[in-house]
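Engineer: Going line by line, the protein sequences match chains U and Y. Those letters in the first sequence? Residues 16 to 534, per the numbering used here, in order. Those letters in the second sequence? Residues -6 to 136, per the numbering used here, in order.
Keep in mind the hints are simulated off the structure, nothing from the lab. Note that the structure is a prediction, hence the values are computed from the model and not measured. Heads up, some of the hints might be wrong.
As the list claims (entries may be wrong) - Derived CB-CB ranges, DEER-like:
1. 318/U to 80/Y: 50 to 58 Å
2. 19/Y to 401/U: 40 to 48 Å
3. 410/U to 41/Y: 18 to 26 Å
4. 347/U to 19/Y: 22 to 30 Å
5. 434/U to 66/Y: 25 to 33 Å
6. 80/Y to 524/U: 14 to 22 Å
7. 435/U to 19/Y: 50 to 58 Å
8. 357/U to 63/Y: 44 to 52 Å
9. 80/Y to 335/U: 38 to 46 Å
Claimed, not checked - PhoX-like cross-link-like pairs, simulated, lysine-lysine; straight-line CA separation at most 25 Å:
10. 350/U to 43/Y
11. 123/Y to 350/U
12. 14/Y to 342/U
13. 206/U to 185/U
14. 342/U to 114/Y
15. 350/U to 24/Y
16. 372/U to 61/Y
17. 350/U to 99/Y
Think of the CB as a built atom: it goes at the ideal place given N, C-alpha and C, for glycine as much as any other residue.
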Amino acid sequence: MKFRKPKFSLAAKFSLFVPLPIVVASLALSSSFIKHDLMQIKAAMVEHGKAVARGLSYYSEYGLLVENKAALCGIIARHTNEKDLLYIVIRNTSEKILAGYSAELGNMSINTITNIPHVPKPEGGSECRVIETDFLYDAVCDVVTTRRRRNRKNLLQFDTPFDSAGEVKKIGTVQIGLSKSSMIVSMRQVKRDAVWVTVGAITLAILVTILVVGFMVRPIEKLAMAAGAVSRGDFDHPVKLSSRDEIRNLAESFNRMMANLKKSRDENEQYARELEIKTEELSRSNEELNAFVYTVSHDLKAPLVSLQGFSSLLTSNYGDCLDADGKMYVERIQKNTERMGTLIEDLLELSRVGRAKRQDEPVDVSEVISDVIDELAPKLEKQGTRLIMKDDMPIIYCDRTRVNQIFSNLISNASKYIGEYNENPTIEMGYDDGDDYYTFYVRDNGIGIDEKYHESVFGILQQLNEVEAEGTGMGLAIVKRIVDNFGGKIWIDSASGKGTTMYFTLPKTANIHDREEAE
Amino acid sequence: MKLIDILLVEDNPDHAMLIKKVLENHRVANKVYVAENGAEALDYMYHRGKYGNGSDAPRPGLVLLDIKLPKIDGFAVLKQLKSDPEHRSIPVVMLTTSDRDEEIAKGYAEGANSYVTKPVKFDEFAEKIKSIGLYWGLISSLP
Chain U
16 MKFRKPKFSL AAKFSLFVPL PIVVASLALS SSFIKHDLMQ IKAAMVEHGK AVARGLSYYS
76 EYGLLVENKA ALCGIIARHT NEKDLLYIVI RNTSEKILAG YSAELGNMSI NTITNIPHVP
136 KPEGGSECRV IETDFLYDAV CDVVTTRRRR NRKNLLQFDT PFDSAGEVKK IGTVQIGLSK
196 SSMIVSMRQV KRDAVWVTVG AITLAILVTI LVVGFMVRPI EKLAMAAGAV SRGDFDHPVK
256 LSSRDEIRNL AESFNRMMAN LKKSRDENEQ YARELEIKTE ELSRSNEELN AFVYTVSHDL
316 KAPLVSLQGF SSLLTSNYGD CLDADGKMYV ERIQKNTERM GTLIEDLLEL SRVGRAKRQD
376 EPVDVSEVIS DVIDELAPKL EKQGTRLIMK DDMPIIYCDR TRVNQIFSNL ISNASKYIGE
436 YNENPTIEMG YDDGDDYYTF YVRDNGIGID EKYHESVFGI LQQLNEVEAE GTGMGLAIVK
496 RIVDNFGGKI WIDSASGKGT TMYFTLPKTA NIHDREEAE
Chain Y
-6 MKLIDILLVE DNPDHAMLIK KVLENHRVAN KVYVAENGAE ALDYMYHRGK YGNGSDAPRP
54 GLVLLDIKLP KIDGFAVLKQ LKSDPEHRSI PVVMLTTSDR DEEIAKGYAE GANSYVTKPV
114 KFDEFAEKIK SIGLYWGLIS SLP
C-alpha cells in the first residue's frame, strides 16, 4: 500500500476551522467599534453645532433687539474661527438676514448676503435643532428675549424684584453650518484603522493556528507514515517524537505494538520454515516408504512365484505318490502362498496409488458403479443383495481407474459385512451435490462397525476380528489414500448392528465443460 | 507344426526351471536354452564365450527376456537385439514381476513384441506362458 496524501488533511481542517471564530469575532467587534465611534463623532458634531448656535443666539439678543448690524457682525467675527464652520446667518423674525459669514466668502456686508452656498432653508419649530445634509450639519437656534413686567402695585417697593415669570419672545434666528469634510476624514480614518486592526488580528490568528497545527499534526503524520510502513511489513523503523503529549504516548504504544508484531511475524516465519522442512521430510520419508514397500513386495513376489510353481508341479506331477494328508498339506501351502500373493499385490497397489500419475478424464460415475457391480455380480447374486443406485449420478473429472477402485472396495466391503442372517440385504449408492465437492456414499444394512473402530478401519492391515472375511484388510487404506490424493475426505457413519455408510468427497476441481473446452 | 527353440533369459534359477518345465510339459518348444544374465544372453546370440563354436546355440524362434537381470539388464539386451538387422525379426517377450506401466512402456518402446507378468498363481502363469509360446511359435514358423 502506498502512503496516500489525504485530500483534506488534518492541518488544513484545523487551519480552516480554528481561526474561523476568531475571524468572525474580530469582524463583529470591529464593525460594532466602527459603528459606535461613528455615532460618537456624529453626536459630537451635533453637540458642537448646538453649542455654537446657542452661544451665538445668546450674544445676538441685543444686536437683534436694536437691529444693530455692526454689533451682530462683531459677534459673528468672534466666532469665525470655530472649527468646521461654513457659515453664520442671523435673521430677524421676518426672515431678513441682518448679518452673515461664509467661510468661502468671508465677512459679508448685508447687501452681499443673498446667496450663501450650502445654506439650507431654515425651518421653524423648536428652540434649537440640527439637521444633517450630505455635506454639512446645519444648526438653527432661536434668539429670544425676556420682557419682564413690573408689579405696578409694588412699584415703589424697591426690594420687590421682577416677576419671576417673564414673557419670552422670539426676536430672530441664528443659523450656522458646520462642514462634514473633516468629520468624514476622521470617520474614514476610524474605519481604516479598524479594518487594519481586524485584518492584522485575523492574519495573526491564522498564522498562529497554522504554526500550532503544524506542530500538532507533524507527529500524527509521522505516526501515519510509520503505520503505513508497518502495513507494508516494515517493522524496523520505530516512531521517534520529541513532544511530550498524548501523541507521544500513542507513538510509544505504537512502537510496542510494532515490536510485538515483528516478534510474532518472526516467530511465524520461523514456524513456517520449520513446517516446510517438516513437510519436506515427511514427504521424503513417505516417498522412501513407498519405494521401500514397492521393493519389498517386489522381492517377496519372486520366491512366492517359485513356491506356487513347485507346489503346483508337485500336485500335478507327483500327486499320485501322496496320500490324502500329503495332498491336503500341499493344498494348504498353495492356499497360504496365494493369500500372501494377494497381500503383496495389495501392498504394491497401495504404494502404486501413492506414486502413480493421475490420468483425469470425464468419468460417468454410474457407469463405473455398473462395471463394479458386474464384476462382483456372482457373489452379490449368491447373497441375494439388493442394489440401489441413485438415478442421476454425476459425471466427474477424475481418474477412472481410481474411482473404480474406490467403489469396488467400498461395495465389496459392504457386501462382505452384510451379515449372514440379513433377511433383506441392501446396498445403496448415491451422492450429495455440494458447492465445491460431491459427497458420495455407499450404504449397507449389514452388521455395522463399532465406533471404537471408526478411526482404525482406514489403517493398513486392519481387519475387524469379529467376522472371518476374505481379503487383506487393505482395501480401505487404499481407498483413503486415493481420496486423500484427490483432495477429498472419507469418513464412516456406523454403529454395531445398525449398518454402515461410507462417505467420501471428491472436489469439483473444475467444471467438466470448462475442461473440455480448454482442451 | 515344427517346434521352435526358445531362449529363456532368467536369473532366478527356480523361475527358469518352472518356465522350462511348463514349456516342455505342454510341448510348446523344441528345446529351451537358459541364459542366467544379459551378458550370457548376448554371448548366446553372437556365439561368444562358452557359445563360441555356435553348435550349442541355435538361432531361437522366441526370446523370453526377464527385465531385471544382473550385469546387463533386459532393456540393454532388448535394445541390442532389436538394433541388429540379423536378430531384429526374432520376437522378444518381456517377463516382469510387476506391471509397472513405465517399465512396460519402455519395453515396447525398445521394440519388445509382448510382455508377461509373473502372477503368483502358477496355473495362470503356466497358461500365459503356454499361449505365448504357441502364438509366437506359430508366427515364426509361418513362411
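Engineer: State for each hint whether it applies.
Structural biologist: Taking the hints in turn, this is what the structure says about them:
| no. | hint | verdict |
| --- | --- | --- |
| 1 | 318/U to 80/Y: 50 to 58 Å | violated (33 Å) |
| 2 | 19/Y to 401/U: 40 to 48 Å | holds (45 Å) |
| 3 | 410/U to 41/Y: 18 to 26 Å | violated (59 Å) |
| 4 | 347/U to 19/Y: 22 to 30 Å | holds (27 Å) |
| 5 | 434/U to 66/Y: 25 to 33 Å | violated (52 Å) |
| 6 | 80/Y to 524/U: 14 to 22 Å | violated (49 Å) |
| 7 | 435/U to 19/Y: 50 to 58 Å | violated (43 Å) |
| 8 | 357/U to 63/Y: 44 to 52 Å | violated (29 Å) |
| 9 | 80/Y to 335/U: 38 to 46 Å | holds (44 Å) |
| 10 | 350/U to 43/Y | violated (42 Å) |
| 11 | 123/Y to 350/U | holds (23 Å) |
| 12 | 14/Y to 342/U | holds (21 Å) |
| 13 | 206/U to 185/U | violated (43 Å) |
| 14 | 342/U to 114/Y | holds (18 Å) |
| 15 | 350/U to 24/Y | violated (33 Å) |
| 16 | 372/U to 61/Y | holds (23 Å) |
| 17 | 350/U to 99/Y | violated (34 Å) |
Of the numbered hints listed earlier, those contradicted by the structure are 1, 3, 5, 6, 7, 8, 10, 13, 15 and 17.
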